[in-house]
Amino acid sequence: MIEALNLVKKFGDFVAVDGINLKILPGEIYGFLGPNGAGKTTTIRMLTGTLKPTFGKIKILGMDMEDHEIEIKRSIGVVPEEPKLYPYLKGYEFLNFITEIFKENPKEMKKRIEELCDAFDVNFLDRYISEYSHGMKQKLMVMSVLMRKPKVVFLDEPTVGLDAKSAKILKMLLKKMAEEGATIFLTTHVLEIAEKMCDRIGIIDKGKLIAEGTLKDLRRMEGEFKASLEDLFLKLTGQGEEVERIVREL
Amino acid sequence: MKEVLTILKYGLKGSGIFARRKQGKGIPAFIIPLIFILAFGIPMYLVLRESFSYLLNTTSVAQLEFIVTLWCFFLTIISITTLFPFIIYSLIKNEEIEMLLSFPIAKGSIIVYQTILTLMSESFLTVFFLFGFLAYTDSMGYNRILSIFTSLTYVLLLISLSMLLAVVLGRFMGKHHARKVHMIMYFINILLFVLFSQMNPSVLKNMSFEDALKRLTSIKKFIMNPLNPAYLPILAIKHITVLLIMILLVMILFILVYRLSEDISFEMTYKKRKKEVAFSERSGKALSTFSKDFKIFFRNEHMVFMMFYSIGFPLIYTFFSKDFSFSFPLMIYISSFYAALASAFLSSQEFLVIPLSKSFPVRLERLFLPKLLIPTLLYTLIYVIFSIIYISMTDNLFVLLTVPFTFLLYLFSSYLGIRFYLKKPTTNTKKVISGARIYVLEGLILLVGLFTSIAIYLYVCMRDSLVKFLGESFANLVGLALPTITSLFLIFYISRGMKRISDIFSRLD
Chain A
1 MIEALNLVKK FGDFVAVDGI NLKILPGEIY GFLGPNGAGK TTTIRMLTGT
51 LKPTFGKIKI LGMDMEDHEI EIKRSIGVVP EEPKLYPYLK GYEFLNFITE
101 IFKENPKEMK KRIEELCDAF DVNFLDRYIS EYSHGMKQKL MVMSVLMRKP
151 KVVFLDEPTV GLDAKSAKIL KMLLKKMAEE GATIFLTTHV LEIAEKMCDR
201 IGIIDKGKLI AEGTLKDLRR MEGEFKASLE DLFLKLTGQG EEVERIVREL
Chain X
251 MKEVLTILKY GLKGSGIFAR RKQGKGIPAF IIPLIFILAF GIPMYLVLRE
301 SFSYLLNTTS VAQLEFIVTL WCFFLTIISI TTLFPFIIYS LIKNEEIEML
351 LSFPIAKGSI IVYQTILTLM SESFLTVFFL FGFLAYTDSM GYNRILSIFT
401 SLTYVLLLIS LSMLLAVVLG RFMGKHHARK VHMIMYFINI LLFVLFSQMN
451 PSVLKNMSFE DALKRLTSIK KFIMNPLNPA YLPILAIKHI TVLLIMILLV
501 MILFILVYRL SEDISFEMTY KKRKKEVAFS ERSGKALSTF SKDFKIFFRN
551 EHMVFMMFYS IGFPLIYTFF SKDFSFSFPL MIYISSFYAA LASAFLSSQE
601 FLVIPLSKSF PVRLERLFLP KLLIPTLLYT LIYVIFSIIY ISMTDNLFVL
651 LTVPFTFLLY LFSSYLGIRF YLKKPTTNTK KVISGARIYV LEGLILLVGL
701 FTSIAIYLYV CMRDSLVKFL GESFANLVGL ALPTITSLFL IFYISRGMKR
751 ISDIFSRLD
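Chains as they are written, first to last, in this note's numbering: chain A, 1 to 250; chain X, 251 to 759.
Just to be clear, a hint being listed does not mean it is correct.
[To be verified] Derived PhoX-like pairs: lysine-lysine, alpha-carbon spacing no greater than 20 Å straight-line:
1) Lys-52/A <-> Lys-208/A
2) Lys-749/X <-> Lys-84/A
3) Lys-226/A <-> Lys-680/X
4) Lys-175/A <-> Lys-196/A
5) Lys-57/A <-> Lys-10/A
6) Lys-235/A <-> Lys-206/A
7) Lys-749/X <-> Lys-52/A
8) Lys-10/A <-> Lys-175/A
9) Lys-10/A <-> Lys-52/A
[Stated by the list, open to error] Taking beta-carbon pairs under 8 Å as the criterion, some of the chain X residues facing chain A (in silico):
10) Trp-321
11) Phe-529
12) Glu-531
13) Thr-539
14) Lys-542
15) Ile-546
16) Arg-549
17) Gln-599
18) Ser-609
19) Pro-611
20) Val-612
21) Leu-614
22) Leu-732
Worth flagging that the hints you see were computed from the coordinates, not collected in a lab.
Don't be surprised by glycine CBs; every beta carbon is placed ideally from N, CA and C.
All chains should be built: construct the whole structure from the sequences, respecting the hints.
Below you can see the structure in the form of structure tokens.
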């Protein structure tokens with residue numbers, strides 16, 4: 001379970017996240033959407049303990065982030081926006097490192113890695129990460145999280161760089177994990193993914209959570225019962241008319 | 251040739267060494283290497299011309315020819331071993347190459363372009379050869395125009411040979427291996443340079459006259475052989491046919507490079523082999539951060555080079571000077587500075603992967619502990635090896651007393667490396683600490699080194715000289731009390747500093 005209470009993050013005078021409240025239950029897939037610079041990544045980083053909030057409280061799996069940061073980090077999985085990995089390590093060495101640092105069972109991990117290698121067509125673990133393409137790094141990063149089967153998973157644009165097959169497998173695996181009780185928190189710019197996958201959607205703009213609910217709730221909120229998520233998103237963020245104007249002028 | 255000039259025209263604007271020049275402003279790109287060439291070349295020409303004229307007056311033409319050919323020989327070896335790995339590495343590393351490959355340009359032109367960029371950053375070869383050879387031909391009274399033409403042809407010959415080697419060997423190397431070969435050759439070059447510069451007639455002093463004569467004759471036979479390319483410019487200045495052969499050779503080599511380069515892919519090559527991957531049997535995090543940083547350390551060729559250099563250079567110095575009194579402080583200074591750079595490099599690897607590194611379930615102090623301890627322990631090991639060599643040559647076991655002090659100096663240097671890096675972190679892992687900060691770092695390390703390891707070394711190994719210079723009581727104060735007090739302060743300072751490091755890192759984005 002993920003809980004955030006009145007979460008605020010300021011960078012000097014700039015307020016990146018402005019009083020966000022979240023409650024995401026086990027088994028739920030939550031889509032966190034917003035335009036570029038809206039505060040999605042900053043929110044994820046606070047929820048995962050990699051950025052200290054200026055104000056507010058975070059609870060993951062019932063544990064307070066301030067008091068149980070290490071325990072929380074051990075229980076969650078994070079796929080960051082950019083797959084930045086140690087360039088001097090080989091793929092399998094990175095996975096070994098993750099196994100050790102998260103104190104996972106090596107035998108179980110080995111089995112799980114082999115399964116994931118088959119699923120994602122990964123046959124490059126013996127090569128240095130410095131030689132990987134963006135997609136290869138993304139696959140490795142996703143594998144390093146999925147192999148641990150964490151109870152809470154945060155994914156920031158997880159399908160960027162993945163081929164169609166891998167993206168499909170990832171989406172199905174996330175669904176399966178949610179069915180088994182995991183909490184999934186993901187951001188994406190591909191609104192079709194959010195529409196198809198997410199149980200609930202939160203839309204953030206200029207640091208504020210401007211709408212939250214199921215797709216049905218959002219449609220009801222806007223009084224557009226047949227609108228796609230894309231239309232709703234553009235309307236809620238005030239970008240719909242601008243898009244039409246730009247296209248007209250072009 | 252036109253396409254080489256076209257890509258060069260735009261390439262020079264964006265290449266690393268000239269990147270800072272704003273469009274349309276400042277000095278043209280070719281001016282910087284030109285200034286460098288003239289600034290080093292003219293004084294070198296004057297000094298060498300003086301020396302060659304002196305040799306000509308005191309010995310004979312044949313002997314001068316022998317010395318110049320020997321000089322050419324060393325320069326040829328160093329030039330080729332520097333250039334070809336550099337070209338391979340640049341071709342694989344340079345992201346611009348991928349864009350150039352999409353243009354309708356011959357691959358050979360891309361190689362020539364990259365070689366010119368390489369030459370501009372490694373222009374010492376041109377400087378050494380052009381001005382050195384001119385000094386020789388001027389002192390001999392040869393035609394100056396012909397001399398410049400000959401030396402330029404020879405430089406082209408060296409370049410084309412290096413390009414050929416790069417094209418042939420580049421086919422079998424991936425990015426990782428290219429980087430390794432580049433670094434190994436760099437290391438070999440420094441050793442060769444030190445060896446060549448230390449080679450002097452004193453080596454022959456220990457031989458009998460007959461042996462020395464025999465040795466010299468055999469060297470002369472090998473060096474002044476028309477099959478030795480380094481002898482070609484000396485012959486070419488006297489015989490135009492040799493010059494024509496050189497020109498022909500350059501042309502053939504260039505054609506070969508163009509032909510062979512059409513088949514190379516400029517990609518990182520991977521052997522299609524399924525390697526077994528070894529999954530961890532270990533659980534628990536105690537060693538995980540250490541083993542990761544240990545691997546990273548040894549996979550960076552600069553780190554390995556620095557380790558070998560910090561012992562290799564003082565050893566070579568000792569070998570030729572037969573004196574440890576200077577090589578010990580030299581070793582302490584070089585190695586402690588390198589320990590700082592190593593810890594800064596390891597810290598940079600953690601900065602590169604933020605936010606991943608912050609998401610690990612470990613305290614940040616723990617993540618940084620290997621960055622402090624790995625360089626400290628490795629350089630201490632090297633110091634112990636150096637001390638054992640010293641003991642084997644001097645039977646002075648007391649030098650081992652300096653080890654704990656040097657260990658603390660390395661610990662302090664590594665700590666400083668992390669702090670200096672985190673103060674201004676960069677993703678450029680080749681220049682982890684740059685600008686004025688590097689001099690401040692060097693100064694601090696030198697100062698603390700003087701107060702600890704060097705002071706105790708002087709007290710333990712050169713006590714008589716120290717007492718003679720400072721007097722008994724003052725020598726005790728400087729040689730014993732000062733290192734002890736400074737070391738206690740270092741322990742206190744570093745133990746408090748680790749928390750500060752994790753605080754700084756947690757604030758980084």
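Each hint tested on the structure:
{"no.": "1", "hint": "Lys-52/A <-> Lys-208/A", "result": "18 Å, holds"}
{"no.": "2", "hint": "Lys-749/X <-> Lys-84/A", "result": "25 Å, violated"}
{"no.": "3", "hint": "Lys-226/A <-> Lys-680/X", "result": "56 Å, violated"}
{"no.": "4", "hint": "Lys-175/A <-> Lys-196/A", "result": "11 Å, holds"}
{"no.": "5", "hint": "Lys-57/A <-> Lys-10/A", "result": "15 Å, holds"}
{"no.": "6", "hint": "Lys-235/A <-> Lys-206/A", "result": "15 Å, holds"}
{"no.": "7", "hint": "Lys-749/X <-> Lys-52/A", "result": "17 Å, holds"}
{"no.": "8", "hint": "Lys-10/A <-> Lys-175/A", "result": "34 Å, violated"}
{"no.": "9", "hint": "Lys-10/A <-> Lys-52/A", "result": "10 Å, holds"}
{"no.": "10", "hint": "Trp-321", "result": "40 Å, violated"}
{"no.": "11", "hint": "Phe-529", "result": "4 Å, holds"}
{"no.": "12", "hint": "Glu-531", "result": "5 Å, holds"}
{"no.": "13", "hint": "Thr-539", "result": "7 Å, holds"}
{"no.": "14", "hint": "Lys-542", "result": "5 Å, holds"}
{"no.": "15", "hint": "Ile-546", "result": "4 Å, holds"}
{"no.": "16", "hint": "Arg-549", "result": "4 Å, holds"}
{"no.": "17", "hint": "Gln-599", "result": "6 Å, holds"}
{"no.": "18", "hint": "Ser-609", "result": "5 Å, holds"}
{"no.": "19", "hint": "Pro-611", "result": "4 Å, holds"}
{"no.": "20", "hint": "Val-612", "result": "6 Å, holds"}
{"no.": "21", "hint": "Leu-614", "result": "11 Å, violated"}
{"no.": "22", "hint": "Leu-732", "result": "40 Å, violated"}
Violated hints for the displayed structure, listed by number in ascending order: 2, 3, 8, 10, 21 and 22.
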